[in-house]
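S.K.: Based on these hints, arrange chain B on the given structure of chain A.
Below, each chain spelled out in residue letters.
Number of protein chains: 2
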Amino acid sequence: MIINEQMIDDIALGATVLGTGGGGDPYSGALMAKVAIRNAKNPVEIISLEEVQDEWMTVPSSMIGAPTVSIEKINSESQMLVAFEAMEQALGEEIQATFPIEVGGFNSLIPILVAAQKGIPVVDCDAMGRAFPESQMVTFYLDGLPSAPNTLADEKGNVVTLHPLDGVWSERFARPITEEMGGSAAMCDYPMKGHNLKRSALGGTLTQAMQIGQAIRAANKNGENAVDAVLDIVGGTRLISGKIVDIERTTAGGFVTGGVIIEKLTKAGTQSQPKDVYVHFQNELLLAHKGRKAEEISQESLLATTPDLISILDHETGQPITTEQLRYGQRVDLIAYPCDPKWRTAKGIEVAGPNYFGYDVQYKTIEQLIQGERA
Amino acid sequence: MIINEQMIDDIALGATVLGTGGGGDPYSGALMAKVAIRNAKNPVEIISLEEVQDEWMTVPSSMIGAPTVSIEKINSESQMLVAFEAMEQALGEEIQATFPIEVGGFNSLIPILVAAQKGIPVVDCDAMGRAFPESQMVTFYLDGLPSAPNTLADEKGNVVTLHPLDGVWSERFARPITEEMGGSAAMCDYPMKGHNLKRSALGGTLTQAMQIGQAIRAANKNGENAVDAVLDIVGGTRLISGKIVDIERTTAGGFVTGGVIIEKLTKAGTQSQPKDVYVHFQNELLLAHKGRKAEEISQESLLATTPDLISILDHETGQPITTEQLRYGQRVDLIAYPCDPKWRTAKGIEVAGPNYFGYDVQYKTIEQLIQGERA
Chain A
1 MIINEQMIDD
11 IALGATVLGT
21 GGGGDPYSGA
31 LMAKVAIRNA
41 KNPVEIISLE
51 EVQDEWMTVP
61 SSMIGAPTVS
71 IEKINSESQM
81 LVAFEAMEQA
91 LGEEIQATFP
101 IEVGGFNSLI
111 PILVAAQKGI
121 PVVDCDAMGR
131 AFPESQMVTF
141 YLDGLPSAPN
151 TLADEKGNVV
161 TLHPLDGVWS
171 ERFARPITEE
181 MGGSAAMCDY
191 PMKGHNLKRS
201 ALGGTLTQAM
211 QIGQAIRAAN
221 KNGENAVDAV
231 LDIVGGTRLI
241 SGKIVDIERT
251 TAGGFVTGGV
261 IIEKLTKAGT
271 QSQPKDVYVH
281 FQNELLLAHK
291 GRKAEEISQE
301 SLLATTPDLI
311 SILDHETGQP
321 ITTEQLRYGQ
331 RVDLIAYPCD
341 PKWRTAKGIE
351 VAGPNYFGYD
361 VQYKTIEQLI
371 QGERA
Chain B
1 MIINEQMIDD
11 IALGATVLGT
21 GGGGDPYSGA
31 LMAKVAIRNA
41 KNPVEIISLE
51 EVQDEWMTVP
61 SSMIGAPTVS
71 IEKINSESQM
81 LVAFEAMEQA
91 LGEEIQATFP
101 IEVGGFNSLI
111 PILVAAQKGI
121 PVVDCDAMGR
131 AFPESQMVTF
141 YLDGLPSAPN
151 TLADEKGNVV
161 TLHPLDGVWS
171 ERFARPITEE
181 MGGSAAMCDY
191 PMKGHNLKRS
201 ALGGTLTQAM
211 QIGQAIRAAN
221 KNGENAVDAV
231 LDIVGGTRLI
241 SGKIVDIERT
251 TAGGFVTGGV
261 IIEKLTKAGT
271 QSQPKDVYVH
281 FQNELLLAHK
291 GRKAEEISQE
301 SLLATTPDLI
311 SILDHETGQP
321 ITTEQLRYGQ
331 RVDLIAYPCD
341 PKWRTAKGIE
351 VAGPNYFGYD
361 VQYKTIEQLI
371 QGERA
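In the order they appear, the protein sequences are chains A and B. The first sequence maps to residues 1 to 375 in UniProt numbering. The second sequence maps to residues 1 to 375 in UniProt numbering.
The shape of chain A in the complex, shown without the other chains:
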C-alpha cells in the first residue's frame, strides 16, 4: 500500500485516539511525513507483518523524550536517519524495514521519515498498540527479546550506542542521555530479524489508526455520531458523556501527572452512567473511577485501568483530546477499550498495569468491569 497524504492525516487522527491522551501531538509528525514522501525518490510503502521476510533485519524508528520538545527540535530532518544508520553500523548490516515502536501519538509517523529517506518499507505493526511512557513497555520486552543495541542521536551530531542488559536498563540509560541531548532524541532499539518481529509485534495497528481516522472524518461528513464510529472499530464502551469540571496537572520528572473530573450531562441514554468520573493521567490517561476525587480510587469505584485504553473524545466531533488540550467546560465522551491480549498476561500487567504506575488496585479487564456493572 503506497502512503499518500490523506493516509498520513488519517493515521495522525487515529493515532491521537490510540495515544490515550499522551504520546504527543502527531500533527507536526504528519507535516514532516508529508514532506518526506514528497521528497522521496520512490513511493513509500506500508507492508503487512506477513510480508516481512524472516531473515530481514527490522528496526523501529522513534523519538524519545517530551513530545512538546520533540516537535520544536526535530527540524533537523537527518537526526532520525543518523540514529538509524548508527544502528546499521552497530549491527554491521543493512536494515530492510522500519516500523513504529508505538501506534499512539507522535511516534506513529516517524518511521515514514526514515522509510522515505532509506527507500525501505514501513511495516504495519507496533510494539504497544497504544502509547506508553517508558521504553521497556513493549511486547518485545514481554517476549524476552533483547533491547540491545540501542542508538540515540541529537540534532547537533552527538550519537550514543547502548548495549544494555535489557529493556529496563535501556530506559535507565536512555532517559538521562535524552535530557542531556536537550529533552528529546531520535532512538532505535530492539533490532530484530523478521521472524521475531512476526512473533512479537502487534500487526495491523497502523491501518487500525488509519481506519479510526477515516471513520471520524466520514462520520462528521455524513452527520453521524463520530464517537460511536470509533467505538465500533476499537470494540469500546462509553464510560461517561459529560462536561469537564476540573483539571489537576503537575509537571515533574518529565511527566505530566494529574487528573480530570468529568460530570455527567443529564440527557436521554445516560441513565446507566455514573454521576461523575475521575480520570488519572501520567502523560497517558491511565485509570478512571467513579467520584470527583483522586482518593476515591478503589476496586469498587474502578471503571477502567491501564493497560486497557482510555481516550477522551470531543462529544460532538469525536476529535481526540490530549491531556495538554483538556480544558474546563469541554463536552466530552470518555471511552475505554481492550488492549492487546499480550498486555493482559501476568508479565504484561506487571510491566504496565495499575500497580506499576502506583495505583493500588488490581487490574480488571474493561470487559470484566462492564460485566460487573451490569450484574
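If you are wondering where the hints come from, they were derived from the structure by calculation, not from laboratory data. These figures come from a predicted structure and were not determined experimentally. Be aware that a few hints might be false.
Once the Cα atoms are required to be at most 20 Å apart in a straight line, the calculated EDC-like pairs of lysine to aspartate or glutamate come out as [what the hints assert, rightly or not]: (1) A:Lys193 / A:Glu55; (2) B:Lys156 / B:Glu85; (3) B:Lys118 / B:Glu134; (4) A:Lys156 / B:Glu296; (5) B:Lys156 / A:Asp166; (6) B:Lys364 / B:Glu296.
Using C-beta positions, here's what the derived DEER-type ranges look like [unchecked claim]: (7) B:Lys156 / A:Ser301: 34 to 44 Å; (8) B:Asp166 / A:Lys41: 32 to 42 Å; (9) B:Asn42 / A:Pro341: 58 to 68 Å; (10) A:Ala294 / B:Val35: 50 to 60 Å; (11) B:Glu51 / A:Gln53: 33 to 43 Å.
No residue lacks a Cβ here, since even glycine has one placed at the ideal position from N, Cα and C.
M.R.: Showing chain B alone in chain A's frame:
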C-alpha cells in the same frame, strides 16, 4: 621497566600527593594492581612516551565517578577490560598500549590491570599531571584531539559507546550514565595514535609519582624531612606549617565541596608564613588564600590556585592527606607547586582555572605569587 610491587606502592603514595586531596585513595588500586601483575602471563612493563610507536593505537584506562564508590565496586576485575575491549570493537582495531588519564589518585594504577590482562605496556604519561574532577580537563582537550569514541562499562554487563562532539559533551553524557551504573564505571576515551599521544600527553608523570613515593619513604627511613624531599622533586613551596582548626564539608552534585582552615604553628622558620590559611576544595584542593574565612578570597589574599597543584602533607611524615582524611588538630604542611605549562595557556586556564570552579580571582602562577610575597 618491569613493574614490581614496590613500584606500585611508591606510585600509590606519590599519586596521592599529586591527587591534591582528590582523585580517590589509590591504595585499593595498588592492591588490585599487585594481584594483576602476579596473575599476568608476562611481566608488565612501563615504557617511556618516546618508546611509543607513531602508528600504535593507544587508549587510557580509567574509572569515572565517586572514588569511594569505585573502590567498593571494582571487585568485578573484568569491568575495566570490558570497557577497553568495547573500545577495540568501536575502533575496529587492537590497542597496543594503555596509560593513566590522570596521575593523581586512584586512576594512576588502573592501567596496570588492563596491561596485565592484555599483555600490553603502560606508557609513562598522563593527560593532567595531577587529578581533576571532569573528563574534559585533559591536555588532549586543550590540544583539540577528539574525545570520541568513548566506552563505559559497569560490573553487571552494561556497555555504552558514546560518539560525543567533543570532551565537554563526553562529560555531559558520561556523568549521568555513571550515575545509572551505580556511581562508578570503567571508562575509555580519547583513543589516539602514538604520534598524537607523544604530542599531547605529559610524559614521565608515572615515574614522577614513583619518585615522590620513594622520596617520602627514604626520608622517613633516614630521619630526614619528608616534606622537603617532596618539595625538591615537584619544585614547590611550603605555604604554611600548621594545625587544622576547622573543616567545612558539603557533599552535593557528586562533589565534596568545602574548605579547611590551617593555623600557623609558631616556631623557627615560619616567620614569613601567614597566620592562617583557608584552602577551598571541590574534591581536589583548588585554591588557598590568607585568612580564616571563605569570603576573604581576593586577588590580594591569594596564595595558590588551580591549575597549579596544592597538597596537604602530614607535618612529620610527609604522608599526603586526602580531603576525606582531613581532621581537626592534624599537624600539616600545605604545599603548592607548578602545573604543566599546558595548563597555563589561555585555554588551559579557561578549562581548569579558578573562574571555571566559580572563584572570582585571576589566575597567577605559584611562582608569581611567591615573587609578589617577597617583593
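S.K.: All hints, please: hold or fail.
M.R.: How the hints compare with the structure:
1. About 6 Å separates the Cα atoms of A:Lys193 and A:Glu55, which keeps this hinted pair within 20 Å; it holds.
2. For a cut-off of 20 Å, the pair hint linking B:Lys156 to B:Glu85 stands: about 16 Å separates their Cα positions.
3. The straight-line distance between the Cα atoms of B:Lys118 and B:Glu134 is roughly 27 Å, outside the 20 Å bound, and the hint therefore fails.
4. For a cut-off of 20 Å, the pair hint linking A:Lys156 to B:Glu296 is broken: about 42 Å separates their Cα positions.
5. Straight-line distance between C-alpha atoms of B:Lys156 and A:Asp166 comes to about 11 Å, which keeps the hinted pair within the 20 Å bound.
6. Pair hint B:Lys364 plus B:Glu296 holds up; C-alpha atoms about 17 Å apart against a cutoff of 20 Å.
7. A hinted range of 34 to 44 Å holds for the C-beta pair B:Lys156 and A:Ser301, which are about 42 Å apart.
8. Taken as a hint, the range 32 to 42 Å holds for the pair B:Asp166 and A:Lys41, whose Cβ atoms sit roughly 35 Å apart.
9. The given range of 58 to 68 Å is respected by B:Asn42 and A:Pro341, whose C-beta atoms sit roughly 59 Å from each other.
10. About 57 Å separates the C-beta atoms of A:Ala294 and B:Val35, a value consistent with the hinted range of 50 to 60 Å.
11. In this structure the hint that B:Glu51 and A:Gln53 lie 33 to 43 Å apart at CB is violated, the actual value being about 54 Å.
Checked against the numbered hints above, the structure breaks hints 3, 4 and 11 and satisfies the rest.
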